[in-house]
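Residue numbers (numbering that gives the first Met the number 0), protein chains in the order written: chain A, 0 to 388; chain B, 0 to 388.
No wet-lab data here; the hints were simulated from the structure. Errors might be hidden in some of the hints.
What the hints assert, rightly or not - Away from chain A, derived, C-beta distances all over 10 Å, residues of chain B:
hint	residue
1	N35
2	L43
3	S61
4	D167
5	I180
6	D239
7	D334
8	D349
Said to hold, decoys possible - Pairwise CB distance ranges, derived in the manner of DEER restraints:
hint	chain 1	residue 1	chain 2	residue 2	range
9	A	E371	B	S246	43 to 53 Å
10	A	L76	B	D259	33 to 43 Å
11	B	D60	A	G286	48 to 58 Å
Said to hold, decoys possible - Okay, derived cross-link-like pairs now, DSS-like style, lysine-lysine, Cα gap no bigger than 30 Å in a straight line:
hint	chain 1	residue 1	chain 2	residue 2
12	B	K73	A	K73
13	B	K260	A	K73
14	B	K134	A	K260
15	B	K386	A	K140
16	A	K338	B	K73
17	A	K140	B	K73
By construction, the Cβ of each residue, glycine as well, lies at the ideal position given by its N, Cα and C atoms.
In case you want the letters, here they are:
2 protein chains.
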Amino acid sequence: MFRFSNGNRQIRQPFPHFPSNLQYEDQRHMTKRIDNFSAGPATLPAAVLEEARENLLSLGDSGIGILEHSHRSKTFLSVYEKAVAYCRLVAGIPDDYDILFLQGGASLQFVMLPMNFLGSDQTADYLNTGAWSKKAIAEAKRFGNVHIACTSEDRNFCYIPDEVSQSDSPAYVHFTSNNTIYGTEFSTEPGLPEGAFLACDASSDIFSRPMNVSRYGIIYAGAQKNLGPSGVTLVIIRKDLVARGNSELPTMLRYSTHADKDSMFNTPPTFGIYIVGLILKWIEEQGGLTAMQEKNRNKAGRLYDFLDSSDMFTPTADRNSRSMMNVTFITGNNDLDAKCIAEATAAGLDGLKGHRSVGGLRASIYNAFPPEGVDRLVQFLKDFELKYG
Amino acid sequence: MFRFSNGNRQIRQPFPHFPSNLQYEDQRHMTKRIDNFSAGPATLPAAVLEEARENLLSLGDSGIGILEHSHRSKTFLSVYEKAVAYCRLVAGIPDDYDILFLQGGASLQFVMLPMNFLGSDQTADYLNTGAWSKKAIAEAKRFGNVHIACTSEDRNFCYIPDEVSQSDSPAYVHFTSNNTIYGTEFSTEPGLPEGAFLACDASSDIFSRPMNVSRYGIIYAGAQKNLGPSGVTLVIIRKDLVARGNSELPTMLRYSTHADKDSMFNTPPTFGIYIVGLILKWIEEQGGLTAMQEKNRNKAGRLYDFLDSSDMFTPTADRNSRSMMNVTFITGNNDLDAKCIAEATAAGLDGLKGHRSVGGLRASIYNAFPPEGVDRLVQFLKDFELKYG
């Protein structure tokens with residue numbers, strides 16, 4: 000009984016009884032949690048972790064822990080079905096798309112995508128906006144021709160190019176919607192030549208804002224940033240593409256293998272699917288993707304506002320290319336950067352060291368990162384600037 | 000300071016401080032756990048689950064849960080290093096072998112093995128002892144020639160063939176050490192022609208008994224039976240093979256990629272690695288693989304002894320091919336099998352339904368399955384036979 004019109008949700012809480020035996024009154028477990036700005040694996044909602052914790056020795060009253068349930072059991076099938084249904088609900092995914100839970104991260108998708116859809120005489124367009132785009136490009140070149148439709152490498156990937164040059168008739172157009180390392184993010188999807196489909200590595204911003212899934216042929220994302228633990232990869236793929244993939248490939252590398260068997264051709268990462276389901280339910284309870292976007296805009300906005308007003312810190316990404324997920328900034332002095340990171344760590348603000356290719360600091364503030372943590376970071380940076388500025 | 004002589008351990012407890020904040024006194028969590036005979040994912044030691052539970056919101060006193068730690072963090076690197084070290088210790092793995100934690104299960108290894116080591120003009124010998132062997136064979140055929148060195152398909156894989164016919168100069172010899180579906184297990188490794196290496200899918204009996212790793216080129220195992228949760232694959236591979244693998248392959252499908260980066264070319268399944276490390280520590284605490292073998296022989300022995308004495312139940316595997324991990328048996332009457340499974344389930348003995356290709360019942364009793372559970376099953380079967388015999 001799902002109805003989707005323009006991505007609006009008609010039904011908000013179809014599964015109130017997702018396995019749960021939360022015991023929030025439990026005081027002994029209130030271990031002090033620190034602010035974790037890690038780029039991934041990353042902060043998850045405490046409520047989800049508490050629910051998982053209570054189901055480790057027995058999922059609900061099954062007498063068997065979530066790690067121990069056969070993937071063929073009715074209990075686990077219910078977990079799987081709810082994860083799929085919540086995914087469809089939260090992102091407004093039309094019925095002509097399959098939702099797959101695979102393994103191997105985005106890195107294996109860099110291989111599977113061209114392996115399935117790029118013939119040796121065909122061309123795919125790739126937008127080169129960072130290190131992960133480059134890795135995707137390198138793998139695609141093993142299978143066919145790659146046309147670099149744009150690149151921001153001239154300025155160390157600190158921006159999303161405005162102009163995209165399309166090739167004549169690409170098989171698909173691939174882009175990385177958010178560039179974790181460089182703190183840049185596409186504000187809209189790139190244009191698409193007729194006959195091509197759009198492929199997106201959305202690992203670091205999936206479900207951080209509403210998305211119009213019907214514009215895409217395939218969206219994939221390693222779970223470990225916005226969706227759950229590492230070790231499970233969400234793939235949303237149009238069914239006609241599943242059917243069209245190269246049928247001569249090794250079984251595990253065909254999308255059709257996994258789609259035909261509801262992600263259970265072989266034993267799936269059951270715990271990862273369970274956590275992703277809980278996260279999707281949590282997103283829905285937070286108000287869905289529109290509310291997530293609002294919350295993420297506020298969080299990132301408060302941090303960027305401070306950085307823009309600071310005399311010590313400077314954001315590294317161009318203003319109109321800024322990521323809501325990964326906020327990268329520098330002092331311009333490597334020693335001062337290092338001092339800032341060390342003092343932040345000592346103050347319980349962890350994981351702020353920027354990637355070596357950008358340097359400086361990076362605050363990864365995905366969906367589950369709490370707004371109060373951003374406020375604590377801003378206050379810390381203000382104090383640091385007062386002290387050393 | 001590890002010294003290995005003939006697989007004997009010189010040092011037993013090098014890491015007494017593996018992250019732990021167990022609180023065994025916690026009574027509220029003593030949910031009744033039932034006997035879970037699932038073939039995988041399968042029963043894990045309660046002590047390991049309790050430890051994992053206590054570290055979900057904060058790993059030790061880090062303030063960051065085990066699911067949320069960056070794989071590049073010092074805290075997680077310590078988890079990873081201990082998992083590798085325990086693996087080396089428990090199985091007596093020589094220094095010239097790499098220990099990898101990959102994704103995709105045995106099914107992806109069915110592809111990676113021939114992709115890396117079987118040229119199109121080469122032959123590999125495969126021992127065909129069940130459904131999983133057949134799947135491995137099907138994938139290998141995509142890359143080179145496969146010689147079926149033996150098969151037990153003539154009697155629905157109910158035995159391990161004595162005779163193996165080797166091809167002239169195979170690249171490698173592949174076998175499935177334990178056949179989960181058919182309840183058969185190799186008692187020793189098959190012979191190996193000069194110049195070839197031995198490859199083993201040990202998914203369902205790894206670390207259930209001592210193994211002489213130096214006889215193998217590569218051993219791989221999905222973790223979800225004897226090692227941990229689904230979603231992580233242990234690969235033990237000789238370093239000279241890693242170096243010899245096809246270097247033209249997609250990056251993620253080369254063993255060298257993962258070996259060169261200590262399983263962190265991309266984000267590894269961090270939680271799975273953590274649990275595998277705890278399980279390996281638990282095995283060591285139980286007395287290592289020799290003690291495991293003794294315990295497993297006792298468990299399986301008690302069940303087989305009853306089945307051999309029963310007028311109602313018959314083991315399906317030939318006596319000298321019987322598995323210590325998966326005990327398969329039938330009444331010879333499908334309706335009676337179904338009644339037995341239903342009554343067992345109602346009595347808290349779960350997951351006993353045999354695979355459809357064998358029918359009847361299957362009791363999977365891996366390392367972590369408690370001996371008392373086997374006794375409860377034997378008692379149940381005795382009672383059932385009295386009632387309906």
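Here's how the hints hold up against the structure:
Once the 10 Å rule is applied to beta carbons, N35 (chain B) is inconsistent with being away from chain A; the minimum gap is 5 Å. Consistency note on L43 (chain B): stated as away from chain A, yet its beta-carbon is not over 10 Å from all of that chain's, at 6 Å minimum. A Cβ of chain A approaches the Cβ of S61 (chain B) within 10 Å, the least distance being about 8 Å, so the stated non-interface status is violated. Its beta-carbon lying about 26 Å from the closest one in chain A, D167 (chain B) satisfies the requirement of being farther than 10 Å from that chain.
Under the 10 Å C-beta cut-off, the non-interface status given to I180 (chain B) relative to chain A holds; the minimum distance is some 13 Å. With a least CB separation of 25 Å from chain A, D239 (chain B) remains clear of the 10 Å interface cut-off, as annotated. At roughly 22 Å, the least C-beta separation between D334 (chain B) and chain A is larger than 10 Å, which holds for a residue marked as non-interface. Not every Cβ of chain A is farther than 10 Å from the Cβ of D349 (chain B); the closest lies at roughly 7 Å, contradicting the non-interface assignment.
As the Cβ distance of E371 (chain A) to S246 (chain B) is approximately 50 Å, the hint placing it in 43 to 53 Å holds. Taking 33 to 43 Å as the suggested C-beta distance range, the pair L76 (chain A) and D259 (chain B) conforms, at roughly 39 Å. Between D60 (chain B) and G286 (chain A) the beta carbons are some 34 Å apart, a value that contradicts the proposed interval 48 to 58 Å. For the suggested pair K73 (chain B) and K73 (chain A), the alpha carbons sit about 39 Å apart, so the restraint of at most 30 Å is broken.
Between K260 (chain B) and K73 (chain A) the alpha-carbon distance is near 39 Å, which puts this suggested pair outside the 30 Å criterion. For the hint linking K134 (chain B) to K260 (chain A), the alpha-carbon distance of about 16 Å falls within 30 Å, and the restraint holds. In summary, the hint linking K386 (chain B) to K140 (chain A) is not supported, as the alpha carbons are separated by about 67 Å, beyond the 30 Å threshold. Distance restraint check for K338 (chain A) and K73 (chain B): the Cα-Cα separation of roughly 19 Å lies within the 30 Å cut-off, and the hinted pair is therefore satisfied.
Under the criterion of a C-alpha separation no larger than 30 Å, the hint pairing K140 (chain A) with K73 (chain B) is inconsistent with the structure, at around 35 Å.
Checked against the numbered hints above, the structure breaks hints 1, 2, 3, 8, 11, 12, 13, 15 and 17 and satisfies the rest.
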